[in-house]
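Participant: Spelled out, the chains give:
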Amino acid sequence: MMILLSCGFVVLIGLFLVIFVIGAYNSLVTLRNRYKNAYAQIDVQLKRRYDLIPNLVETAKGYLAHERGTLEAVITARNAAATANTRAAQNPGDASAMKEISSAESALSGVMGRLFALAEAYPNLKANTTMLNLMEELTSTENKVSFARQAYNDAVMGYNTRREVFPTNLIAGPFHFGPAELFVIEKPEQKDAPKVSF
Amino acid sequence: MDFFERQEKARRHTAFLVVYFIVAIVLMIVAVYLVVALIFTGFELKNAEGDTSGAWSQIQVFIGSAFATLAVISLGSFFRTLALARGGRAVAEMLDGRLVNSNSTDPNERKLLNVVEEMAIASGVPVPQVYVMDGEAGINAFAAGHSASDAAISVTHGAMTMLTRDELQGVIAHEYSHLLNGDMKLNLRLMGLIFGILCLTVIGRILLRARGKNAAPFLALGLALIIIGWVGVLFGRLIQAAVSRQREFLADAAAVQFTRNPLGLAGALKKIGGVAEGSQLQSHRAEEASHLFFANGLKSELFGFATHPPLIERIRALDPSFDGKYPSVVLPDTPAAAAPPPLPGASPLVQPPPPPRAQPPPPPLPTAKPPPLPIVRPPPLPGAPTIVAQQAVIADIGQPRTEHLQYSIDLHQAVPPSIQTAAHDPLGAHALICAFLLADDAAVREKQLEELGRATSEAVRQETIRIWPDVQDIPPHARIPLVDLALPALRRLSPGQFEQFRGAVNKLIGSDSETDLFEFMLQKIVMRHLDTRFYPERRPVTQFYDLRPLVRDAGVLLSATAYAGADDATQAHAAFAKGAESLGQIARTEIPWLPPTECDLTHLDAALDRFAQSVPQIKKNVLTACAETVAFDALIQPREAELLRAIADALDCPIPPFLQA
Chain P
5 MMILLSCGFV VLIGLFLVIF VIGAYNSLVT LRNRYKNAYA QIDVQLKRRY DLIPNLVETA
65 KGYLAHERGT LEAVITARNA AATANTRAAQ NPGDASAMKE ISSAESALSG VMGRLFALAE
125 AYPNLKANTT MLNLMEELTS TENKVSFARQ AYNDAVMGYN TRREVFPTNL IAGPFHFGPA
185 ELFVIEKPEQ KDAPKVSF
Chain Y
24 MDFFERQEKA RRHTAFLVVY FIVAIVLMIV AVYLVVALIF TGFELKNAEG DTSGAWSQIQ
84 VFIGSAFATL AVISLGSFFR TLALARGGRA VAEMLDGRLV NSNSTDPNER KLLNVVEEMA
144 IASGVPVPQV YVMDGEAGIN AFAAGHSASD AAISVTHGAM TMLTRDELQG VIAHEYSHLL
204 NGDMKLNLRL MGLIFGILCL TVIGRILLRA RGKNAAPFLA LGLALIIIGW VGVLFGRLIQ
264 AAVSRQREFL ADAAAVQFTR NPLGLAGALK KIGGVAEGSQ LQSHRAEEAS HLFFANGLKS
324 ELFGFATHPP LIERIRALDP SFDGKYPSVV LPDTPAAAAP PPLPGASPLV QPPPPPRAQP
384 PPPPLPTAKP PPLPIVRPPP LPGAPTIVAQ QAVIADIGQP RTEHLQYSID LHQAVPPSIQ
444 TAAHDPLGAH ALICAFLLAD DAAVREKQLE ELGRATSEAV RQETIRIWPD VQDIPPHARI
504 PLVDLALPAL RRLSPGQFEQ FRGAVNKLIG SDSETDLFEF MLQKIVMRHL DTRFYPERRP
564 VTQFYDLRPL VRDAGVLLSA TAYAGADDAT QAHAAFAKGA ESLGQIARTE IPWLPPTECD
624 LTHLDAALDR FAQSVPQIKK NVLTACAETV AFDALIQPRE AELLRAIADA LDCPIPPFLQ
684 A
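In order, the protein sequence lines correspond to chains P and Y. Numbering (this note's numbering) for the first sequence: 5 to 202. Numbering (this note's numbering) for the second sequence: 24 to 684.
Read the hints as simulated data drawn from the structure, not as lab findings. It is possible that part of the hints are untrue.
Listed below are several chain P residues computed to face chain Y (Cβ distance under 10 Å; list not exhaustive) [claimed, not checked]: (1) 32; (2) 34; (3) 47; (4) 66; (5) 68; (6) 69; (7) 70; (8) 73; (9) 107; (10) 146; (11) 150; (12) 161.
This one's a predicted model, so the numbers in the text were calculated from it and none came from an experiment. In this text, a Cβ means the ideal position worked out from N, Cα and C, and glycines have one as well.
For reference, chain P alone in the conformation it holds in the complex:
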């Protein structure tokens, strides 16, 4: 009888352990998928932004003949950010990729701000409807990026918390669930999207 009891006990403990490990592992996978998915949302908007910027530059070129430097800086920053984003999209949450995209995005926001400020000085450019539409579209995309970034950061926080608390942290190590990195725009003065004012 003792054998039977201990056997039943072992079975139950084993069952609980198996179920716990499966449950914890699955919850981590779910949360990881969730933040990766949230990055896909940012990716869509960033790509849209990278598509819009060359159009904007093309439109502004005719009016800003003397401001080649700024226009080139915008294109360079845009290309750098696009490359960084490709890397981040392949491996969202990876610390170095996220830092790279963060700083590239900050730089891009900076030069875009300069371009918008410059456009203020050219009434003809300001009156161009294509330019107006592009700027509006860009602002809207900018909003969408910040909204998607918020969702991504929330998802990353959820994942990081889960992998650090007991008892899931016992599973996170052996199964290689590393920490995920937030997407923050680093420089405080550039936290806002470029302001468009007319």
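Once you've looked at the hints, dock chain Y against the given chain P.
Facilitator: Okay, now just chain Y, sitting in the frame of chain P:
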């Protein structure tokens, strides 16, 4: 057989299923007992020769093994069911599905999303989450979930790329019929139970690892448990297969009735026969979910265990002239070949730009201007009132027809591009719902927008202002479909953003000086469908099997509907009386007529929640009464029609859009 009968039948099927499983589990307990008795007490009896308590210890052993077996099976089922409580998402993610972005620009994904969205609008259900199983080259698909609001549709990569639009439409229509027939809940239950039985074999495997000098009986028990477990799973499979096979033919038939294009579905089935991978799935988890799939997902199935009727029989049922020769399928080089024309919203930006908002009046540009929305219910002309027979309203529930599909395709194409884009994007969808709740009066609107900015963020406020001019022009009949379209994007909000969204919507409704029933229903639809995503634990359970305890709630619902559709109290009472008469007969008691203060939005909210927890037959009776009340003046206004659809939605009874007579 109407929607409610099918729902009722699905419920009864579940009951049968449980009986079958109880029989299977009892058999397994007996088997486990016999094995335990043989292995262990066999040893013990040798030690205690001549002991008269043998019979007593046998009972103990029986109780012990019965308890252990039950514990294992029910624990396993419980945990699996708990995991599946997250709805269709859980299943789709379990099978390595990838959530398709609702604003995807990939032509194949766009095609898939459009087909799913059209079906959703045509049947009046929220657009489900769409997943693609990237690793699967075969052609297959499934729908899973507890209800329409947490449903997920998942297709293999092969199905997405190899099928034409018509074929894909057939497959998706097949999945929708599972969704509307109440098959999905049944299927999830099955998965939970089978997993529980499977757990026995897991324990067996653990016991097989036992080492040491006393390990022999454990090894024997382990082996026996594996065998018993597999026999149990075998029984489970038989039940699973029997339920599934019968439902597949039904779903095929419903899909054809829906699309009225048997060749689309037949084409998809023929392609399955034609490609090397067929409909097989690579995922090792596929076995557990094999009964969910569009076509046979496992490598080989013996007769009796096949979850799907033979391919050729299914094709012949659709296309009697089929000669049994499957076409050879080549993967299209250019995925865009089969894709529909790109969505207006997804087109490159630098096409004719819309006029700037700052310059009133906006000069309409020819290409940017969408075709006008199809008018379902033109403003009633004198002498030509629009009449909707309430019988037709009830009969259409859960049974969309081809006309609904065509209407939905037209509507889908007529929505302005800016609104299309907004509905597919989380921020845009958030702003869209808020914009629906803004007041027409400029001063009130200004105040509302201010509150919105405070409750959420500047980004939301700006986006709402940006799309407001387009939202303003959307006629009432297009609003619920747009809400349904926006739901997948809203499901992508983070929990924090969802809380802000919920707060903002409540604020906007509260800030309106007048209490608008339609706005309230809009909010109810959005929140009800999103709650399943953000609070999966709050799922309603059926509690009411009789109309009697719900008589007062029926009074609230009918009175509120009557007030909404009538100009004065006498007219309202007459409308109420029409609906209350038949319902009162069914309940064998009088439905109370309530003053406006007792059927306000708070009461209405509670009443709808209670009705949502009742059996299908009660829902049907109540909806019929509502339809009668609305149709009292022989004329259903667009707003009344949408109110009716919203009430039906709150009761989980999807009504397809009303069509022009």
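Participant: Take the hints in turn and mark each one as holding or not.
Facilitator: Tested hints:
1. The beta carbon of residue 32/P comes no nearer than 12 Å to any beta carbon in chain Y, farther than 10 Å, and the hint placing it at the interface is violated.
2. Here the hint on residue 34/P is kept, as its CB sits about 6 Å from the closest CB of chain Y, short of 10 Å.
3. Hint status for residue 47/P relative to chain Y: holds, with the closest Cβ pair at about 9 Å, below 10 Å.
4. Evaluation of the residue 66/P hint against chain Y yields a violated restraint, the C-beta minimum of about 15 Å exceeding 10 Å.
5. Checking residue 68/P against chain Y by beta carbon gives a least distance of about 18 Å; that is not within 10 Å, so the hint is violated.
6. A least Cβ separation of about 21 Å between residue 69/P and chain Y goes past the 10 Å threshold, and the interface hint is therefore violated.
7. With its C-beta approaching chain Y no nearer than about 24 Å, residue 70/P sits outside the 10 Å limit, and its interface hint is violated.
8. Given the 10 Å rule on beta carbons, the hint for residue 73/P is violated: about 25 Å separates it from the nearest Cβ of chain Y.
9. A least Cβ separation of about 22 Å between residue 107/P and chain Y goes past the 10 Å threshold, and the interface hint is therefore violated.
10. The restraint placing residue 146/P at the interface with chain Y holds, with a minimum CB-CB distance near 8 Å, inside the 10 Å limit.
11. For residue 150/P, the suggested interface contact is upheld, since its CB lies about 6 Å from the closest CB of chain Y, less than 10 Å.
12. At about 9 Å, the closest approach between the beta carbon of residue 161/P and any beta carbon in chain Y falls short of 10 Å, and the interface hint on this residue holds.
In terms of the numbered hints stated before, the structure departs from hints 1, 4, 5, 6, 7, 8 and 9, listed from lowest to highest.
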